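Participant: Please construct the entire structure, taking both the sequences and the accompanying hints into account.
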Amino acid sequence: MATRETGGQSQSGKSRRTEEEDVVAPEVNPEVAERVEQIGEDVDDLLDEIDSVLEENAEEFVRGYVQKGGE
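8 is the number that our numbering gives to position 8 of the sequence shown; each next residue is one higher, with no gaps.
Hints were generated in silico from the structure; no laboratory data involved. Bear in mind the structure is a predicted one, so any value in this text is a computation, not a measurement. For every residue, glycine included, the Cβ atom is placed at its ideal position computed from N, Cα and C. Some hints here could point you the wrong way.
[Unchecked claim] Beta-carbon label-pair distances, calculated as ranges:
#: 1; residue 1: PRO26; residue 2: LEU46; range: 37 to 43 Å
#: 2; residue 1: VAL62; residue 2: ILE39; range: 27 to 33 Å
#: 3; residue 1: VAL28; residue 2: GLU56; range: 37 to 43 Å
#: 4; residue 1: GLU31; residue 2: VAL53; range: 49 to 55 Å
#: 5; residue 1: VAL23; residue 2: VAL43; range: 23 to 29 Å
#: 6; residue 1: VAL32; residue 2: VAL62; range: 38 to 44 Å
#: 7; residue 1: ASN29; residue 2: VAL66; range: 43 to 49 Å
#: 8; residue 1: VAL32; residue 2: ARG63; range: 41 to 47 Å
#: 9; residue 1: LEU46; residue 2: VAL24; range: 48 to 54 Å
#: 10; residue 1: GLY64; residue 2: VAL28; range: 39 to 45 Å
#: 11; residue 1: GLY64; residue 2: GLU34; range: 34 to 40 Å
#: 12; residue 1: ASP51; residue 2: VAL23; range: 43 to 49 Å
#: 13; residue 1: VAL66; residue 2: PRO26; range: 46 to 52 Å
Facilitator: As structure tokens, this is what we get:
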């Protein structure tokens, strides 16, 4: 049977602590949380508007980005 050499290092049964265990969740400021939620809603509204424009004018939109004559 072949044996595997560990390079002289012994392995202990203990597992290393990860950095995640040491991380403590910061307190959330209610004003900041509200602002983040509002920004998220604004982004969603903007993406919905872009989506509706693309549904109506997709061909025109794509034509505006196509390179012509090596430009």
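Participant: Go through the numbered hints given earlier and state which of them the structure violates, listing their numbers in rising order.
Facilitator: 1, 4, 9, 12
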